[in-house]
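*Asks:* Sequence:
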Amino acid sequence: MYSPRREKMEDAYKTAWASFYAWNDQEAERVLRSLDQDEVEFDLASDDEHGSQAMLKDSGPVGNEGLEQPNQGRQLPEPDVSWLQVFSHDACITTRISRPRLHCDTIEAGPRYESCDAIVQRVCLYENERLAYPRVLSFCDDPSFEPRKYLEELAVSKDNGGKANSLQRFKATQPLAERDPNLDVIELETARLTIDAMSDLPSNDIAGEIDGMLVLSRQLQDSKEKRGLVTDCWQREMPSWTDFVNNEDELADIFDAFSRQHDGQNISLRQHFTDFIDSTCFRLPCIEPSCSSHPPPNNRLQDRGKPLDFKHFRAQSKESCGVDCFLTWPVEPSEDVVWAEDELDALALILSQCPNLSSCELAITTDKPCREVYVQRRHLEERNPELWKPRTQAAVVEQDSNMILPERPPKEGEPGLPPFGCFHSGPCDSDDCACFKAVQYCRSSCGCGNRCGRQYPGCDCHPPKKKKSKTYNACRSKNCLCVKLRRECEPGVCRSCESHLGIRSCANVAMGSGMPTKTFVAEGKYGFGLFARDLIPEGAFIGEYTAEILGTSRGQAQDVIGKHIGRGYLFSFCNSKNGVGLDALDAGNVTRFINHGSMTVLPTPQAKKMAPNAEPRELYVNGDITIGVFATCDIRKNQEIFMDYGAEYFGLTNVEEGDAPDQQ
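Position one of the sequence shown corresponds to residue 1 (UniProt numbering), numbered consecutively onward.
Mimicking DSSO-like on lysine-lysine, the simulated pairs with C-alpha atoms at most 30 Å apart in a straight line are:
id: 1; residue 1: K563; residue 2: K609
id: 2; residue 1: K368; residue 2: K311
id: 3; residue 1: K437; residue 2: K478
id: 4; residue 1: K609; residue 2: K637
id: 5; residue 1: K609; residue 2: K518
id: 6; residue 1: K484; residue 2: K518
id: 7; residue 1: K149; residue 2: K563
id: 8; residue 1: K563; residue 2: K525
id: 9; residue 1: K318; residue 2: K368
id: 10; residue 1: K437; residue 2: K411
id: 11; residue 1: K226; residue 2: K8
id: 12; residue 1: K637; residue 2: K518
id: 13; residue 1: K525; residue 2: K609
id: 14; residue 1: K437; residue 2: K484
id: 15; residue 1: K411; residue 2: K484
id: 16; residue 1: K389; residue 2: K368
id: 17; residue 1: K318; residue 2: K389
id: 18; residue 1: K411; residue 2: K478
id: 19; residue 1: K478; residue 2: K518
id: 20; residue 1: K389; residue 2: K311
id: 21; residue 1: K226; residue 2: K14
id: 22; residue 1: K306; residue 2: K368
id: 23; residue 1: K525; residue 2: K637
id: 24; residue 1: K318; residue 2: K306
id: 25; residue 1: K306; residue 2: K389
Just so you know, the hints here were simulated from the structure itself, not pulled from any lab data.
Given only the sequences and the hints, what does the whole structure look like? Please build it.
*Replies:* What follows is the structure, encoded as structure tokens:
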């Protein structure tokens, strides 16, 4: 059936397609020219003036005489000649094409074990199997690797069916074929051109109208079965096509507008807010939804206090906020307005979280006239009496002199800090509390809150009123309680040392400040290694060991791969009895390249050069247990960084002492 709108969209598709591939040819020529060390400008040479239907350009006779003369002392590469035959109904045209040969230096591929996904903070997988199976795919062409052994280790679980279920899911979890980014960007530009031509339609109808024409290879909008084109493209890198890049902001605004309107028609504010609370990690380093660094949060929607009575609520507004304000003219006692049920529920929800808002402020948050908000707020106590019920605070343990709290960090074999804090019902005075059981302080990220008597009080270090030098800062020695307990000073907890001002005020915030030392990765003594870009003084923070947090079964499965490649990247932390480890085999940062070095293992004349000059330290930083790498002596510029990973490393990795170990 003929449709003028569909015809316009088909024309837009053709326009976008032609424009993209015209740019693509020029971009390909630019990239190829950038690879040519001789920097020779070239065109495609052809004996036929028509070439291949305007795809080939005539650039004169074939040979060096048809090319631009090189600079003195520079030798042109010889052209590569090939032939192209174009057939039609009644003729055949043969065209000779001359192309320059590009001579590029060969880049040697790095070893397979030296590559990983780059991450800036740790990723918590724990026992989650969602990302486990594709890891064995990199060894599918290696006949010596046994994937079944990897899967059997991974399938260790409490139920007997864990092994069978894991093996059955292996095939189902293979990654799907990637979409063509060229096609995606063409179809996005087609959608933008179509939207410009359909400006008479409301913005919330545009996406449905475009999807209904069935011109694009996939839908713009998300469905229950799969994500749409817009969501996929905004989560990946697209070709730098000039037409698309110049109009990307316009396209984003249009799609954002209809996406928000589409969402608002189906999901209430309470559902949005509940989903946000359920999925958001409120730990200090994160405070973001869908956190990847910690286990799923156990949050609940809670009231924040009893709203003001109506008399005090009216007194909150001092000045009129506009012509629709209730202060502009008096509101009659009999005056009433009609709101939908979801609008009344949204007002009650907002007041449950922000009980002290005035009518003028509520008008902004509800997107309603201030006068209507005032009238509805007057009847809210009758409609939602639960908001005014007395609140009983959750029971917490009180701090007293009989409470057993740590005075030193845990020793070898003693229970360590719980890896993720405590999350339980009731006060922290029984074995249900992981912090109580480990005889440790509760932390800011624990579920018990800051009213708990086991919460860490912070240090009481005070910087002097008159600082002796610009480099002076507090918390430098073990007289500081935080340093003594191997904790970094935490902003909001350690107030006296002014840790919130950073390293200039407090010396014990190096990792929390996110200021690692400048380093670079290069070929080292054993494979790749980590080197100092500048002088690193003794005690300086080199970097955090970021990796994936794995549970016991995941760690055992990773050990199968580690033994196969002869390298291990697993750090146990928070006491190995907890079964939690950091593994940088598949994801990490530059610290995974630090090689092993030991004077005792390598008693050779070069032992001094390979002596460990750094060490890992387990520290409590802003609610998390982290592993940081610190210099144990001055490290010169361009000097390789080594750490002693201990004798256990050689038992885990099937290599001889003195060979090429990389990580523990």
